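Asks: For chain A, the structure is supplied; the task is to place chain B on it using the hints.
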Amino acid sequence: MARRADRPRLLLPALLSTALGTGLVLSVLELHSVSAGLGRQVAEQLPASGVSNPVTAVLLNFRGYDTLLEVAVLLLALLGAWSLESSRRPPLARPAPPVQEMLTRLLAPLLVLVAGYLLWAGAGAPGGAFQAGSVLGAAGILVLLAGWRCRRLAAAGRPLAVLGPALFLLVGWALLLLQGSFLDYPPARAGLLILAIETAAMLSIGATLAALFVAVLGHGGQRP
Amino acid sequence: MAALNLLAAAFDLLLAAALVALAWQALRSPDLFRAIVLFIVFGLLMALAWVRLDAIDVALAEAAIGAGLTGALLLAAWARLQRAAGGADGETR
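Going line by line, the protein sequences match chains A and B. For the first sequence, numbering that gives the first Met the number 0 begins at 0 and goes up steadily by one. For the second sequence, numbering that gives the first Met the number 0 begins at 0 and goes up steadily by one.
Bound-form chain A, shown alone (with noise of 0.2 Å):
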């Protein structure tokens, strides 16, 4: 706990983190008493938003300006990571533990479906590109501990960072010229602009997230 030194120069720290957290607390009660929110509106909508689950609904058509800017803010993160860190090659391969190595095995795999199923249920239940790509990102994470070294998959991992950003922006430029305004996806081809928009930023989000670790990893303690 807290030294004795230390405490009256806690005191007001404290004090404003508690009133803070009285606020947010009478706010968050008065909440639905005040306002029903949105829900309505976009219930009203989402026949015409390609996809069934209000929030993919939401996230890629309705808000999806907001998805992009925040699939861009992830790629200057890791562009960020990469002007600190030189090394972009994870350490040198080294053989793992055996029960590593078994688990790693078992689910890598695993992973990878799961990721590919969380996009596709995204359109209707509970999922979606940020879901699934974290789920990649977990992959190569588990890949890149046990030691395992992909060559052709670590030279894919700058252009799929950037593939889905760019696709994003892409489709947004093409609906910009061809009607009018940005990202406006015309209903009827909604559902298949959406999918591959989640498709792309799923593997981006998974090579961002991974190359991330890579970054944060260094030289793992050896010298290549």
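Rather than coming from a laboratory, the hints here were simulated on the basis of the structure. These numbers come from a predicted model, not from an experiment. Even glycine gets a Cβ: it sits at the ideal position worked out from N, Cα and C. A few of these clues could be false.
[Said to hold, decoys possible] Label pairs and their in silico Cβ distance ranges:
(1) B:P29 x A:L177: 58 to 64 Å
(2) B:V19 x A:L191: 43 to 49 Å
(3) B:A2 x A:G79: 29 to 35 Å
[Stated by the list, open to error] Covered stretches of chain A, going by a simulated chain B footprint (3 or more residues, C-beta under 8 Å):
(4) 134-142
(5) 183-189
[Said to hold, decoys possible] Some residues of chain B that are not near chain A, with every Cβ distance over 12 Å (derived):
(6) A1
(7) A2
(8) L13
(9) A17
(10) A34
(11) L68
Replies: Frame of chain A, contents of chain B only:
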């Protein structure tokens, strides 16, 4: 039915208390590794909390990214700090 509601309420209360306790422990822990592990556990309980709030997409993202990925990144950073501290003491890399 009332018993089920009571059980659900008790579960929610326990979850909230556990979240606050874990957060406090993670922030005040002197050992960095312990703090990271507590953070990962916090992420998992947070995913449960999101499920209780009927936000399943957020729960999936929290479990995968908040608990899994951020935990892995923090552990990699911790390992790096250990190596750097070891190097500063004169050990060979």
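Asks: Please go over all the hints and tell whether each is borne out by the structure.
Replies: For each hint, the structure was consulted:
1. B:P29 x A:L177: 58 to 64 Å: holds (60 Å)
2. B:V19 x A:L191: 43 to 49 Å: holds (45 Å)
3. B:A2 x A:G79: 29 to 35 Å: violated (52 Å)
4. 134-142: holds (count 4)
5. 183-189: violated (count 0)
6. A1: Fine: 22 Å to the nearest Cβ keeps A1 (chain B) off the interface.
7. A2: Since the minimum Cβ distance to chain A is about 25 Å, A2 (chain B) lies beyond 12 Å and the statement holds.
8. L13: holds (17 Å)
9. A17: holds (16 Å)
10. A34: At roughly 15 Å from the nearest Cβ of chain A, A34 (chain B) sits farther out than 12 Å, so the non-interface label holds.
11. L68: Answer for L68 (chain B): violated, closest chain A Cβ roughly 6 Å.
The structure fails hints 3, 5 and 11 (numbered hints given earlier, in ascending order).
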